[in-house]
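Chemist: Chains as they are written, first to last, in our numbering: chain A, 1 to 277; chain B, 1 to 340; chain C, 1 to 144; chain D, 1 to 331.
Keep in mind that a hint or two might mislead.
[Claimed, not checked] Here are the simulated lysine-lysine pairs, DSS-like style, with alpha carbons at most 27 Å apart:
#1 Lys120/D x Lys334/B
#2 Lys36/A x Lys69/B
#3 Lys118/D x Lys34/B
#4 Lys30/D x Lys202/B
#5 Lys335/B x Lys49/D
#6 Lys34/B x Lys217/A
#7 Lys37/B x Lys135/C
#8 Lys143/C x Lys69/B
#9 Lys217/A x Lys197/A
#10 Lys30/D x Lys289/B
#11 Lys202/B x Lys137/D
#12 Lys196/B x Lys120/D
#13 Lys331/B x Lys289/D
#14 Lys43/D x Lys289/B
#15 Lys30/D x Lys334/B
#16 Lys120/D x Lys135/C
If you are wondering where the hints come from, they were derived from the structure by calculation, not from laboratory data.
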Amino acid sequence: MNMREETLIPKVGVITDVRIDTPDIKTFRVVTPDGKKAFDHRPGQCAMLSIPGVGEAMFSITSSPTNEEYMEFSIKKCGCVTEWLHQAEVGQQLTIRGPYGNPFPVDDVFAGNNMLFIAGGVGLAPLRSVINYCRHYRDRYGKIDIVYGSRSKDDLLDYKEIIDEWATDAGVNVHLTIDNPQDGWDGHVGFVPNYVKELGFDTDKIAVLCGPPIMIKFTLEGLRALGFEKTQVYTTLELRMKCGVGKCGRCNVGAKYVCKDGPVFRFDELDELPDEY
Amino acid sequence: MRKCSLEKINLVFAEIAKAYTLYLPTDQNDSSAKFTKWEEGSVWSNALNTVRSPKDFFFPQAEDLMEFKVEGKNIDITDIRQESEDFVIFGVRACDVKSFEILDRVFLVDPVDSFYASRREHGIIVSLACTKPSETCFCTTFGIDCTEPAGDVSIWKTETELYWQANTEKGEKLLSYVDSLTEDANTKAVDEQKEKTSVVMKKLPLANLTTDGFGAGKTMELFNNEAWDELSQTCLGCGTCTFVCPTCQCYDIKDFDTGNGVIRYRCWDSCMYSEFTKMAHGNNRLTQKERFRQRFMHKLVYYPENNDGLYSCVGCGRCLAKCPISMNIAKVMKKIGGEK
Amino acid sequence: MQVKEYKPLIVAFCCNWCSYAGADLAGNNRLNYPADVKIIRVPCSCRVNPMFILRAFQRGADGVILCGCHPGDCHYTSGNYYTRRRMAMLFSMLDYLGIERERTRVEWVSAAEGAKFAATMNEFVEAVSALGENKRLEDLRCKR
Amino acid sequence: MQKITREQLLDRAVALLSDGTVNSVLGWQKGEFDYDVTPHIFKSADELKEGFVWNDFCYANFSKYLVLKTDRIEGKLLVFLKPCDTYSFNQLLTEHRFDREKVYAIGVGCEGMVDVNKLKAAVDGISSIEATEEGLKVTTIYDDEPTVVAIENVLLERCVNCKSKKHVAYDELMGEEGEIIDSARFDEVAALEAMTADERFAFWQNELSKCIRCNACRDACPACTCENCVFNNPNSGVETKAPVTSFEEQMFHIIRAYHVAGRCTDCGECSRVCPQNIPLHLLNRKFIKDINECYGDYQAGEEVGMRAPLVDYTLEDLEPGEVLNRRGEDA
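For reference, chain A alone in the conformation it holds in the complex (with noise of 0.2 Å):
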């Protein structure tokens, strides 16, 4: 056995809970072998999820640390671990490595502020951790406001955990919105970027933004329209990675690398760099 450490090589995890969110996504808890939390992260960091013979692939992590217990992943089903995850029942044994990239600065930027956190889809996994680590402290952050939109009312994720809890707590403040009409939805339709226009947010909060690339870049484009600085502006970013520790250079954009140097980015340090993600 080799004494040196080696960042390649994974532990063992086990899927304690398998749930169904939508009809493509599914939240796992995974912990290890003897019920612990595989290691601790920061909000916004990933972890290389693997099943050995199909293949390890990046995800970020959905629960917030201050969850002592587990770790959660929303994964949705496009490839092909994912939909090997999507197979897996309770008690499957995965490998896990991380955590992964920076965080989001929750202890000193977002810290003192209102905070805007805007998510389409699949966006909001990144994002809850955040969401749920503010939620924690609540004291040391202002008045919390989320936009979410989805496809349809199917189609969002965590929906009993938004209404239940982040629509019911204090302070803060919940949008919901889809993209077509649908029975029994009184809520807004219409897709994200324009449904941020309407609530027309004042600037003195930090925005952080997470969606497919197209809802990214008009969501941009309307909160500069709202008078947002870009320094405002956070966002967490996904390229094609394999070692997670910026040596095999999949992820590589400029002179950074996604998975060491982000996944978290500013949109001004977006703007250094080629665009190419």
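We have chain A; now place chains B, C and D onto it with these hints.
Modeler: Using the frame of chain A, we list chains B, C and D on its own:
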């Protein structure tokens, strides 16, 4: 400085091979050279350099990382790493020696790649000064002096003699094994040789190639250069340049199901390949232009930006010799860097 | 030379309409053929792509035999004619690379030829046994 | 030395560009040295005059670029084709891989192209190369006396065994039309066939073990035009990036050659581009030789619309066993 007669070279190799596994360039049947393990009867090649770079010794094309046993829902991970044994790479050129420093800055920074680190610690590099550079050489562009190669031991080969100089502790130790076969020497012959080689170096066709216009902070300016279209238009998208390159270090991690377990291994990958950045939801580099640009931007701008201005090219000229369509970093630098 | 009794692993690709039925008939008639023959049923012999043959060797086969309908009797009219050319070329290439030619074979076995199926398999297993283990087209990772 | 001169080709290209027959020109561009010629799409007469070359190093087969480029280019593309390139051209047309209407092809006579590896093995440190009647006059960076190298000693293998100097496709021909040549290109294959299986195995193990899986042979091959190669496709189950074991080396090269069997025109690009000098043409030629011997002489690309031998059959074809043993038990 020590010296020995070239006639005694096979005795020297035999002595080194007693203590270490020894690799040196030997001629292949197609008139190219390749690093092979020394055994009785091996003949040291006179070729300027090997087709495959010596990065293989530290970062092999494919290596197993770990093994898994999967039973039902359970997974068992086996750490199969083994500490490398001491080995000597003999006759590494100055450019290739420099390439190890470039790889070090990727693999040895935190978190250290233990596979690479183990080999690096146990590898002893005996470098060889150049006397007859080729027209494809441009190491001087990157500040490398081919007459003064780094490494644990540097050697200079004249018509009749081999001159040795240990640069590190590992090198001293290696030299001590061949102490009885070598004798003290002055630097006169070596100095003369350096002088002569330097004259040739100045006359090389690429002697004026400069890195002006590249380096840290040039990302946006160079990324948006119009010439990328033209330079990349006939690129076939093969991986020849990346695989013969001593500094290319991108890799892929893959699983192989053997039927009685899963081996996770890593292998070289190339940013020139269309699926390099392909994800389930799309690809952020859709055309060959973007992939081509990435390779050169990484070597000439991104890497220096992260590594104190050190370029990720050593001017060994392998890609110049091997590209199927003869498109290469020298042409890119001339076109993009603005020098005509 | 052989200390342990060597039992070759044979993969037989059998066409659904003729040879697979032929194998069935061999079984029904209690005709003996070695259990080392692993049958893979394919819709037609021309479904077998060269990669199948190579992968069988990679995964530990010592011999690969392909059985289909007799030329002219293909359920899909002409599939086995294509097979004939494809496999002739592939096996010739394997031979060219120095892989023993006795390890590969194509036989036409109809649904009525249970006896031929058993005889063919016996003969093939014997021929492969004589060669010993497949060493030239093996993947060491797949050996235990 | 080529009989057609650069100026002849250049003038014609410039004329076709200026009268609007074509919009761009796929030709050879001057490199850093006298031998590193790059395929290039020229857009203007000035660009042509500055960079266009035609010499003994214009080995690249342009046919494959027609697949990659004609979709994206407006108007017609002028392409220069050497005799061997025209076979690939026809084969790609047969397979409907590019639009003939978008191409204006000029057949160019060819006297054989030089193998840079062979030339570099003969002379170190080339600083300039001049084609003369006696051969290539090579000067070096070491200020040695110029060396004259006879072209026949440094020709590419495919040119030594040239199969045809006849152009089988063109809109316009420059220079004289040549003949199909009864070459000795199958001799090496026959020599291998005459070896024992053990010898053949040893030969190929040695050659294939050199492979670094750079995919140059595949990517340069005008017959390899799949949108998504099985070796790149994670869903194929055989996606590999490195020759991890000798099996993977064998598999890649067998499948590569097999996939172009009956479609390979024997243009020799695979062997030319191989950085490790693996004689890949010996695999392709084995298939061609077998096909010729078993199913009748067939030259891929000779005409447009021919049916490739492996997607064809006759009722009387040889059995695989007969093919294997046609020269005796173990020739």
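Chemist: Hint by hint, say whether it matches the structure.
Modeler: Each hint, compared with the structure:
1. Lys120/D x Lys334/B: holds, 24 Å
2. Lys36/A x Lys69/B: holds, 22 Å
3. Lys118/D x Lys34/B: Distance ~17 Å between Lys118/D and Lys34/B Cα, so the pair holds.
4. Lys30/D x Lys202/B: holds, 23 Å
5. Lys335/B x Lys49/D: holds, 18 Å
6. Lys34/B x Lys217/A: At roughly 51 Å apart (the allowed maximum being 27 Å), Lys217/A and Lys34/B break the hint.
7. Lys37/B x Lys135/C: Satisfied, since the Cα-Cα distance of roughly 24 Å is no more than 27 Å.
8. Lys143/C x Lys69/B: holds, 15 Å
9. Lys217/A x Lys197/A: holds, 14 Å
10. Lys30/D x Lys289/B: holds, 21 Å
11. Lys202/B x Lys137/D: Since the Cα atoms of Lys202/B and Lys137/D sit roughly 23 Å apart, the hinted pair holds (cutoff 27 Å).
12. Lys196/B x Lys120/D: Judged against 27 Å, a Cα distance of about 22 Å means the pair holds.
13. Lys331/B x Lys289/D: Measuring from Cα to Cα gives roughly 41 Å; hence the hint is violated.
14. Lys43/D x Lys289/B: holds, 18 Å
15. Lys30/D x Lys334/B: holds, 14 Å
16. Lys120/D x Lys135/C: Violated, at roughly 39 Å.
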